[in-house]
Amino acid sequence: AQSVTQLDSHVSVSEGTPVLLRCNYSSSYSPSLFWYVQHPNKGLQLLLKYTSAATLVKGINGFEAEFKKSETSFHLTKPSAHMSDAAEYFCVVSVRGGSNYKLTFGKGTLLTVNP
Amino acid sequence: GAVVSQHPSWVICKSGTSVKIECRSLDFQATTMFWYRQFPKQSLMLMATSNEGSKATYEQGVEKDKFLINHASLTLSTLTVTSAHPEDSSFYICSASSPGQGYYGYTFGSGTRLTVV
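So the sequence lines, in the order shown, correspond to chains A and B.
All the letters of the first sequence, read from the start, carry residue numbers 2 to 116 under this note's numbering.
All the letters of the second sequence, read from the start, carry residue numbers 106 to 222 under this note's numbering.
Keep in mind the hints are simulated off the structure, nothing from the lab.
Among these hints, one or two may not hold up.
[Claimed, not checked] Quick list of in silico lysine-lysine cross-link-like pairs, BS3-like style, CA-CA up to 25 Å:
no. : chain 1 : residue 1 : chain 2 : residue 2
1   : A       : K50       : A       : K103
2   : A       : K43       : A       : K69
3   : B       : K119      : A       : K103
4   : A       : K43       : B       : K146
5   : A       : K50       : B       : K171
6   : A       : K43       : B       : K119
7   : A       : K108      : B       : K160
8   : B       : K160      : A       : K103
9   : A       : K43       : B       : K125
10  : B       : K125      : A       : K103
11  : A       : K103      : B       : K171
12  : A       : K103      : B       : K169
Could you put together the complete structure from these sequences and hints?
See the structure below:
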């Protein structure tokens, strides 16, 4: 069975400092992994995705993530946090269920950015 | 890019009434749509998967008679919460995918906040 574990439920950083949101996955097959961001009372926006191509994935808004098979990790990073980055972040793995691929979500990490 | 419109964005209804939530793919044909439920400060839980023209497949523990899903066209899926009760209050989000997006392509709606009073 596939699953994802987000190691921190809440991360707080100062504006201009680096962001690290940690995610570990468990998968019987080569996984497809995603990071989504959700602002309050909004839907989800895709930040980036890993689909067995380059292990370092660059996404929108300066975010990137590195797929490390040996560590079963897919941590999300950004060199310099902006106030607008404050939101909930979800690490997601794609799971095949019948004829469809379904998404399994981590529990989320709330990112707070302090001025 | 792919856009999914979800309507209404919020709704308040009285206990015992039914509420319909619509999810439309605006610029692509969504062969598969997913409905999620999200409790406050929690992650998204998949409720059901619907393929156009077929009956929805519900996740374990989700009452199919209470949460009616219809996916009658390639651009529209609806979720009807029947005989709503306060415990059904939640944030409901749909997402859509199509073969053209590949199995990596999931576009989410903006969500519907349902409050049952």
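Tell me the numbers of any earlier hints that the structure contravenes, in ascending order. Per hint list: 2, 3, 5 and 7 violated.
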